[in-house]
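Participant: Turn these sequences into a full structure, and let the hints guide you.
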Amino acid sequence: MKKMLAALALALTLPTCALGDSEGVIVQSSCNIVQSGDYYLAYCFAQVHNNASTVICLDQGTFDLQSGETLLSTSEISQIWPYFLSPGEDGYLFDIVSFEPDENGNPVIPSITGISYNVTYLPVDNAYASYDLSAVSEIAQDASGDVSVVCRLTNSTDMDAYNPTVALGLYTDDGTMVYADGTTLQDVGIPAGGTVLVRFDVDDVFVKQWQSYGAMPTQANTNASFRKDED
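First residue of the sequence shown: 1344, per this note's numbering; consecutive thereafter.
Some hints could be false.
What the hints assert, rightly or not - Beta-carbon label-pair distances, calculated as ranges:
no., residue 1, residue 2, range
1, Val1370, Val1531, 43 to 53 Å
2, Ser1454, Ser1499, 46 to 56 Å
3, Ser1410, Gly1536, 30 to 40 Å
4, Tyr1556, Glu1419, 29 to 39 Å
5, Gly1536, Thr1456, 14 to 24 Å
6, Tyr1556, Thr1527, 51 to 61 Å
7, Ser1421, Ser1454, 22 to 32 Å
8, Gly1431, Ala1483, 21 to 31 Å
9, Ala1486, Asn1461, 41 to 51 Å
10, Gly1537, Thr1561, 43 to 53 Å
11, Thr1413, Pro1444, 10 to 20 Å
12, Glu1443, Gly1537, 44 to 54 Å
13, Val1531, Ile1452, 35 to 45 Å
None of these hints come from the bench; they were simulated from the model.
For each residue, glycine too, the CB sits at the ideal point set by N, CA and C.
Facilitator: Quick look at the structure:
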């Protein structure tokens, strides 16, 4: 991806309109715009907080990108990380919207001023929810300037954790979210009482943007769990 994307010095922390059920509340969102050939890609991140007293999962949802009063796009939400949110926990949405060239083949740079979410959630029976893993993360930058997030996951339960899911958000000193990511560690098992290290590499296109406006992330919030029904 580092070779494919050319940095565009534009990244936004956007006002968010959260619709849908009150269980999952969009706390904040951000958008990074990068160029890929003749296309511009909007990387859209959002932090979701579970206000409910029960475990929830994503049912369905869409989000609109706006430029003032003009609707630029409507897209489906592809995934929430992690799959299940326990009461009081935070999760993350991460989606990419592509803006193709105009009819003359000229690149179209989107002017995004807001994101509006319409999301519904489903309550989850505790029998099919998840077990939390202890997660401690550190943002690291090597001598070449490459940034990564190293997550230390510890399984404090009395059972093995298979295919754990990890979600993370990166924040500046003042608590502004600038990035989110998540993954499921397929075919990975953490024995009871065991620990694994997971590294997320952050593409330098984002790092250059953060550096350009003095907003490098300094804090990482990580949520990790594994499904109770995983074999």
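Participant: Hint by hint, say whether it matches the structure.
Facilitator: Now for the hints, and whether the structure bears them out:
{"no.": "1", "hint": "Val1370 / Val1531: 43 to 53 Å", "verdict": "violated (29 Å)"}
{"no.": "2", "hint": "Ser1454 / Ser1499: 46 to 56 Å", "verdict": "holds (47 Å)"}
{"no.": "3", "hint": "Ser1410 / Gly1536: 30 to 40 Å", "verdict": "violated (52 Å)"}
{"no.": "4", "hint": "Tyr1556 / Glu1419: 29 to 39 Å", "verdict": "holds (30 Å)"}
{"no.": "5", "hint": "Gly1536 / Thr1456: 14 to 24 Å", "verdict": "violated (49 Å)"}
{"no.": "6", "hint": "Tyr1556 / Thr1527: 51 to 61 Å", "verdict": "violated (33 Å)"}
{"no.": "7", "hint": "Ser1421 / Ser1454: 22 to 32 Å", "verdict": "holds (24 Å)"}
{"no.": "8", "hint": "Gly1431 / Ala1483: 21 to 31 Å", "verdict": "holds (28 Å)"}
{"no.": "9", "hint": "Ala1486 / Asn1461: 41 to 51 Å", "verdict": "holds (45 Å)"}
{"no.": "10", "hint": "Gly1537 / Thr1561: 43 to 53 Å", "verdict": "violated (29 Å)"}
{"no.": "11", "hint": "Thr1413 / Pro1444: 10 to 20 Å", "verdict": "holds (19 Å)"}
{"no.": "12", "hint": "Glu1443 / Gly1537: 44 to 54 Å", "verdict": "holds (47 Å)"}
{"no.": "13", "hint": "Val1531 / Ile1452: 35 to 45 Å", "verdict": "holds (40 Å)"}
The structure shown violates the earlier hints numbered 1, 3, 5, 6 and 10.
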